Amino acid sequence: MTSVLLIAFAATLIYISIANRLLTYIKILAFQGVILFGVSFIELNEINTVNLIFILLETIVFKTLAVPLFLNYVIKRNRMAREAEPYLPNFLSLVIVTLIIIATFLISNIIHDPRLDKVYFVVALSALFTGLYIIMTRKKLITHVMGFLVIENGVFILSLAVGSEMPLLVNTGILLDLFVSVLLLGIFVNKIGDVLQDADVDQLQNLKD
Amino acid sequence: MTVVYLLGSIIVSTLLFVNRSRKTNYLLVAAFALLQWVLIAYAFAHRGEEEFFGFFKTDSLALLMLTTLGIVAVPAFYHSYVYFNQQEENPRERSIFFMSMTILLAAISGAYLSNHIAVTWVFVELTTLAASGLIYYHRDASALEGTWKYIFVCSISITFVFIGILFLSIALQQAGHVELTYPALLNAAGSLDVFWLRLAFIFIFTGFTAKLGLVPMYTAGIDAKDKAPSPAGALLSSVLMNMGFVGFFRFYEVIAQTSVHAWANNVIFIAAGLSVFVATVYMLKVENIKRMLAYSSIEHTGLVMLGVAAGGVGYYAAILHLVLHAFTKSSMFFQIGQVYRVYRSKYISDTGNYFQYNLPGALVLLLAFICATAMPPSGLFISEFMIFRALFEGHHLLLLVVVLVLLTMILWAFGKNIFKLLFTLPAHFDETKIGQVSPYESVSQFILLGLVIYLGFNPPALMVELIQDAVKNLPH
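Protein chains in written order, with this note's numbering: chain D, 7 to 215; chain S, 3 to 478.
It is worth saying that the hints were derived from the structure and are not from the lab. What you are looking at is a predicted structure, and each value in this text was computed from that prediction instead of being measured. Among the hints, a few may not be true.
What the hints assert, rightly or not - No farther apart than 35 Å at their CA atoms in a straight line, the calculated lysine-lysine pairs in the DSBU-like style are these:
#1 Lys124(D) / Lys82(D)
#2 Lys422(S) / Lys151(S)
#3 Lys197(D) / Lys25(S)
#4 Lys197(D) / Lys287(S)
This is chain S alone, in the form it adopts within the complex:
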C-alpha cells in the first residue's frame, strides 16, 4: 500500500502541475487527502508488517505520526483553499503550491514509514525540494532569500546525514554485517566499533537538527516558517519537525543499545539546552508573530530532546509532546493567517484589540497560548511535567533549574506579545483598513486545540499503547 500511496501522490502532483483550473486543483487535493487517510487506515489494519523488500514498515511510531499528519493535513488544505480565495487568481503559483504541498506530505509519510536508513534519507532530501516550492510562493525578494537559505542549509545538513550513514556502514562492515535496515542495525548494534559510531552519531545528529529545529542548524527553519504562507508554515513547524525526530530517533534506538549511549545523551543535552536558550533570547526581542511562533517551535523541540536524553518516563513524554505540539502549533499558524488578513501586517506593533475584530479567532489565540505554554488544562502540561520529572529522576538538577528559568522568560515574552495582540490597541491605528474574517474559519483550530486538551487528560488506550510500543527498544 505504501508504494501505491507514493505512486498515487506522484500522479496527483503531476496532474496538479499540469492542469491549472481551480476546480480540478481542489478536487485533486481532496483526492489526495482521501488517499492519505486510506493509507492511515491500511497501516492500522496491517500493524507491524514489512513491505516492498523490507524498505517500509508500519510500526507504532509510524502509525502515531501518520495519524498526526492526517489530522493536520485536512485543515492545512482547507486553510490553503481559504488563502487562495482571498488572493487574485494566479493559477500557476497556486498549482505549484498545491503540488509542493502534496509532495511534502507524501515524502513525510514515506520517511515515517521507512524501515531502511537510506530510504529515510531519500525522503528527507525530497522534503527540502518540496518545502522550497512552498516557501517561494510570494516570489518577492525576501521570500527568495528565505528559500535560498533554507535550501542551502538543508542540503548541507542532509549531506552531513549521508556522511554519518557512510561512517555507520564502515562500522557495520568491520563487524561483518551489510544490511542497513533498522531491525538489522538494532541486532548488530552491540558489535559495532565505538569510534565510528561516535562519528556517525555526530554527523547524523548535526544533519537532522536542520529538520528538527535545534542548535546548530535551526536557522533555516526560522526564515522558512516566516516567509511561507501560513498553512505551509503550519505544516513546516509540525509534521516536518516530527519527521526530523523520527529519522533521528530510529538511529538513536541503535545507539541506545551500545556503550556510546551516555556520551550521546550528553551531546543531546548540550544541543537541546542551547536550543531552549537561543529560543529564549530571540523570543524576548522578536517583533514578527510568525518568527515568534517559529522560535517557540525550537523551544518545544529542545524540550522534547531533553526528554529523550533524560530517559525513563522522558521517552514517553517526548513522543506525547511531539504529537500534541503538532496540533497546537499548527492551529496557531492557521489562526495567524487570519490575523494577517485582519491587520495586513505580521508585526505585533501593528496589531491590537483582536477581540473586537474576530471574537472566535481571539478565543482560539488565547486558548492556543494556554496550550502552547503548557499551562493546565493543556495536554502539553502533562508531557512537560513528565519531562521535568525525568530530568529530576536522572539527577540533572542544574539543567532542570536553568531550563525552568528560561521557560519562565519564554512564557513572559510569549504572553506579552499575545496579550498585546489580543487586548491593547496601538497608538496610530487606522480602523478603516481592517479586513473581515468569517468566524467559521476558526472551527478547525478549536477542534485541534480540543484534541490537545482531550488527549492530554484522557488519552485513548490505543494511543498509550502505541507510544509505549514505540519506545520499547530503548533501555528502561
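Bound conformation, chain D alone:
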C-alpha cells in the first residue's frame, strides 16, 4: 500500500513540473502532505504512540494546513501575479522531471540492501532533485520557497525509510528545518514584496563584483 502512495507522490512531482498557477503549487504541496500522512500511518505502527502522534501532527498540521495557508497569505499580501513564471517551457520541464525519476530509478539499482525498500529511495531522491530543478527554473521567489518545501518532503520520505529506529531525532530535525526555513523565508518574502516591485529573482542581482 505504501508503494501505491509513494508512486502517487511521484505523480504529483510530474504534475508540479507543468503547473502554471501558484495555487496549483500550493494544492499539490497540501496533497503531498496528505500522502505523507498516509505513508507514515501505515509504515510506522511499530513505534510508540507518542512518537506516532507527533509525526502525524507534523504531516497534517504543518505540511497540509499551516504551510499552505501561510503561503496563500504571503501571495495575497504581496499581491503577486498568481502565475509561476518559468524560464523553460512547461513541456521541457515535464520531460526533465520524467528523466530525473528514471535516472534515480537506475541509480537505485546499484543498491543491494535487502532491508531498504527501493521505492522510498527512488521517490525521495526524485523529490530532492525535482525540488532543486523547480528552484533553478522558476523566476518568482515564492516558487523557490515551494521548491524548498518539495525538497523537505523528499527528506521526510527518506527519513521514513531510515527512521523507524530513531524517530524522535528525525522528526525534531524536520520540524526545526521547516520552522526556521519557512518562517524566515516567509518573513523575508514579505519584506522583499514591500521593498521591490515584483518578487522575482531578476530583482536580486545587485550584489555582485
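Following the hints, position chain S against chain D.
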C-alpha cells in the same frame, strides 16, 4: 555547565530583545561575554568530560575553538558598541542586532561542544537564523538581498547535511549500531557499508561548504560578509567558518578510519583547489574592500582543507591556520569599520592616503596585510609552510605548484588594493568629508595581530598539546 550556558544565553537574548534601553543592552552584552569566559574556564577545568546524556563533550578541538571564540568575541562586542555610538539612536534595531549576536555566539559554542552529530546539526541550523538577523541590520534593499540569499543557500545546504546524516544512519543500521555520537561512530567506522558512506560524505561535505566557505556553496557567505556591519562580518568570517570546519572535521575523523579515506581526500582536493582558484579570480577584479576580505577568507579555508586532505603534518597545520586566521581576519574586519567611517565608502577607488587620516589604523592594516598573506613574521607563514610541506610529502606536486602560483596572484591583488588604500590619493578627493576616528579603537586589533605573530613563533605548550590531541584520531 554547557546547559547552564545555553539557558543563560537564551535568557540574555530574550532580555536583550525585550528591554531596549542602551545601558541595559550594554550591561547584558557584558554579562554574556563574562558567561562565555566562565564556560571556557569550566571547559578547561573539566577536559574530556561528557555532559547531558553524552550530547556535549569538552574535547581538545572544542577547547581550542572556544578559546578563539572568546578572544574574538570581546573586541566584537566593543566594536559593536563603537559602531552604535556613531549612528542615530535606533533601539529596536540595536537590540535585535545584539540579540542575534548573542544567539550566534551561543549556537557556535554549542556546535563546538557537541558530541552527537544531530546536535551539531541543530546548532548549525540555529546559526543561519542568528546570522540573518545580523546581516539584515541596515534594512535596505541590498541588505535584504544579501539576507535572502544567505538564508536560502544555507537552508538548502543544511538540508543536504541532514540527508547525509540520514544516509550515515542507514549505513549504521546495516551494521547493527544505533548511536550517532562521535565516539560511537568512530568505533563503528570500520564496519560501515562503503556505498552509503560515500553518499553520506558527499552530502555532508557539500552542505558544510556553505558555512566553511568552499566551492560550491561559498556564494552565500560573500554577500553576507559584505552586507553585515563590520563587527558582525568579523564574526561571520572567523568563528563561523571555524564552526563549519569543526562540524565537518568530526565526520571526517570517522571517514578516516574507513576505506573511503583516499576517495574522500580526492573530493576535498578538488573542492579546495577550486576554492583557491575562485578566490584568485574574484580577488583580481573586486572593488569592494569587504568582498575582497570575504574572498580572502575563502582562499584561507581552501588552504586549510588542502592541509586536511594532504595529511601528515597538514593536520596540525590546518588547525593552527584556522586559529590564527580567525584572529587576523577579524582584526581586518574591525579595522574596515573604521575605514568606512573615515571615507564613507566601501569602494577602494574612493579611498587613499590612509596614513594621514588614521595612523594607528593604517599601521594595523599594513601589519594585517603582512599577516594575512602569510609573510614572515606572521604565524600564518608557519602554518602555510607546513601545509605546503604536507602537500610536497604527499607527492601532490602539480597541485602544489598550481596553488603557489594562484597564491602569488592573490598576494598581488591583495597588495595592490591595500597599498592603494594606504598610500595613493584618488583623483577627485574631497578632504572635507573625512570622518574622525579615535586612535584607541585600533588597540584591540594590535592585540589580535600580536597574538597571531606570537602564537606562530612561540606557541604555548598547552596549545601545541591541544592541537595534537585534536588530530589524534586521524591516521598518521
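Below or equal to 35 Å on CA atoms is what counts here, so check Lys124(D) against Lys82(D).
violated, 40 Å
Lys422(S) and Lys151(S): Cα distance at most 35 Å?
holds, 31 Å
Given hint Lys25(S) paired with Lys197(D) - CA-CA distance at most 35 Å
holds, 30 Å
Given pair status - Lys287(S), Lys197(D), alpha carbons within 35 Å:
With Cα atoms ~32 Å apart, Lys197(D) and Lys287(S) stay inside 35 Å; holds.
Consistency with the previously given hints fails for number 1 only.
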